[in-house]
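So the sequences go chain by chain: A and B.
Residues 1 to 87 (my numbering) are what the first sequence spells out, left to right.
Residues 1001 to 1741 (my numbering) are what the second sequence spells out, left to right.
Any given hint could be a false lead.
Claimed, not checked - Under 8 Å between C-beta atoms, here's a sample of chain A residues computed to sit facing chain B:
#1 16
#2 19
#3 20
#4 46
#5 52
#6 85
What the hints assert, rightly or not - Partial list, derived from the structure: chain A residues whose beta carbon lies under 8 Å from chain B:
#7 21
#8 23
#9 41
Derived from the structure by calculation, the hints contain no laboratory data.
Keep in mind that this is a model prediction, so the values were computed, not measured.
Don't be surprised by glycine CBs; every beta carbon is placed ideally from N, CA and C.
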Amino acid sequence: MDDGEQLRRELKELLVSELDLRGKSADDIADDLPLFGGGLGLDSLDALQLAMAVEERFGVAVPEGEAAKQAFASVAALAAHVAAGRS
Amino acid sequence: MTAAEDRIAITGCGMVSALGIGAAEGFDALVAGQVAFAPASRLPGEGSPRLLVARVPIETNEGIAASARHRWTRSDRLALVAAREAWHSAGLAAADGDWSLVVGASTGGTLEAELGAVAAGPGAAVATLARSMVEAPVSQTAERIAEVLGGARRKLTLCSACSSGAAAIAVGAAWLEDGRAERVLVGGVDSLCLLTLSGFNALGVLDPVGSRPFDATRAGLTLGEGAGFLVLERAAVARARGAPIRGWLSGWSLAAEAYHVTQPEPSGTTAVRLMRGALVRAGLEPERIDYLNAHGTGTLQNDAMEAGAIHAFFGPAGTSPPISSVKGQLGHTLAAAGAIEAVVTVLAVERGMLPPTGGLCAPDPALGDLHHVIGQGRPAAIEAAMSSSYGFGGAGTVLVFERAGAARRPAGATATAGRTVVSGLVAWHGEARSGGEDVVGIVEGHTDAQLPSLEALAAGLSPDRSRRFDQLSALTTAGTGLLLDGAGLSPDGIGLVVGLTIGAVERSARYLERVIVRGSRLASPAEFPQLILSAASGNASVYHGLTGPVVTVSDRRASAEDALLVADTLVRGGLAPAVLVAALAVPDPLAKAEMAAVYPAVESGRVPCATFLLLEAEAAAAARGRRPMAVVSASDTVERVRFRAADLPQPTKQRAQLLISSPTLPGQDVPLELEEWAGGRSASFASCPVDGELGAGTALAVAAALVSSGAAQEVLVVHFSEGWVRWSHLVEIVPRGGTTG
């Protein structure tokens, strides 16, 4: 498992636990699955919770507004944002 | 009694807010355009913001015995200041007459719990928080006011988030209308605390430069604190004692959006329904409203929802009344807001003065052409005015006030619902108390022996729609679903009253520990809305689409009876065709230990139990072709020291049963005169089959089952606890043309 895959895995587990995705596991979330709107069906409250959790776990702030939409587009996009923030 | 004598008179007002102590001082400051925002102490943790708040500039001990001061929370103190002002301004003295108290509240003693946890240090924070929350439940404030003013017949604590204060006023009005009360002291209170500051901050809805409702640049709300109270009386009662009548409360409505836990329903459909409902009750057309006191928090979503609803209800620009919100000056006072704004609206009508919307400079063009009051207040002829309140979970209340001298019109809609019946029952109880099996057996058909686990409950709920539910919310939602299905009821317009002794203690303690120890940047935005006392009722409402009145009541061990009382009030008052009652005590590991410490006399500590009853207007049940289980003949309370056995409903049937639902506490012996209750009839006596904090809820279920099965023709459930006596009288349904035993 390379670093990128490891990070995406961690993010999926974070999604399931922090957003209380009952009946779902990390394996159910594809890297490119849209997190908001359709896809996982998350809402604005989830976005706030996820931003807080990502900052807590990875020490990387998630932007607000339009930039947040990009970072939160999918697990792959979020992983790229976190990786860029950590380097 | 003539219609005019039947009106609800406002005879007293009291208010405390960041703008000052006293209703007149606060109103004058509002009209002058003063803004009371100032920086709060920085929230815990690195990088935490310094927030603006609207803090009340007092520390008061007036009217509080020196020996008891350490037990008074800031909420208790703020509430007492406003309640006393209202009481005295109505020309009433201590212990004056037979009166009832309704307090809307949400934060209670949270501030004191937080201060205790900070002092205790990180290792002891959770235990300290839990202990404090159990020791000083939100219902404590009503107990304090009742104690100081004396002579209250009833006291009730109600939470529907940010509409609590207005909902408390509506429930008090319903008691005046249905004859349960002649005089009520009603209002709301909340105090600033870390829980709400960190929570709203985490939700990103606090405006860094201060709330500017309806402004194009608005960016959120500013939290405040305070209390507002009104004395309401039946007009004949006020006139008989020569009290000055300061205005009329002529309309009220309660409803829920059933949309989302924090987001307002964008369509504003429920807000329109609320405004219409309150005006129909008042017998007024929309064009008769000369002032609208808006909820107007200053958040993008609330103000947009509200503006849309105002346009939809009042029609195109030019026909909508002048509107304003106090929240740009004295902040959003949460559970107090609806009551403070009711006091402001009463004063606006009384003085003919429109208060402005503080902070509003450039009205948001996206909100359409609203008739704002900008800068300072201005005089206007106001015959009738309306005040709107909306809260988390979608619970809203609208109140309509009229000028004291307003010409009398034909009366509006009044309570027409007739008798309330019990038409459904679901009950769970944890550990049945020995000696009660014979009674419990009667409800076996309706109960499960053990409270289902969260996992078991969650399995029956949609996982996507029950995320973040704890066992309390899951149980409330599951029981609600079972009752609705069993009764074949559509949830539209149906209400829900949840009775709880305390809220989510462990969850709140863990949230706060995290904020205190690790900093407010790690406050959980998704967790915060689940910590409010009314979270379970709100969640069940959103899940099932219950759009009637949705509130939570709390009164220690009597929370089950209070829930039944409020549900009966809502049905009889024509506020909903049917209302679900849920009385719940669920396992909470932290609370169990603390409950046992606080209530050492209850061996079993926190016994899990859950009782759900469906209350319905008799005509509504009949229209659906349902045979109800029992008639709710009476549901009431009185202070223990004023209790006389003769106050109790007397039996009229051959097979009458008295059920004592009190836990067996030393020093709370059942009075001997109760044994005379059934006279020569073949009455039997039993004590509650389930001990613990809400065993009284199970007793209500047992009573309904006894009557429904024919084992008894009537059951009187009596509960002695904490200085009060409650009773609920359930009587058999006599078929048309039948005889009464």
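Hints, one by one, checked against the model:
1. 16: Because about 11 Å separates residue 16 of chain A from the closest Cβ in chain B, which is outside the 8 Å limit, the hint is violated.
2. 19: At 7 Å from the nearest chain B Cβ, residue 19 of chain A passes the 8 Å test, so the hint holds.
3. 20: Interface hint status for residue 20 of chain A: holds (4 Å vs cutoff 8 Å).
4. 46: Holds. Min distance 7 Å.
5. 52: holds (6 Å)
6. 85: Residue 85 of chain A check fails; min Cβ-Cβ to chain B is 16 Å, beyond 8 Å.
7. 21: With a closest approach of 7 Å, the residue 21 of chain A hint holds.
8. 23: holds (4 Å)
9. 41: Because about 6 Å separates residue 41 of chain A from the closest Cβ in chain B, which is inside the 8 Å limit, the hint holds.
In terms of the numbered hints stated before, the structure departs from hints 1 and 6, listed from lowest to highest.
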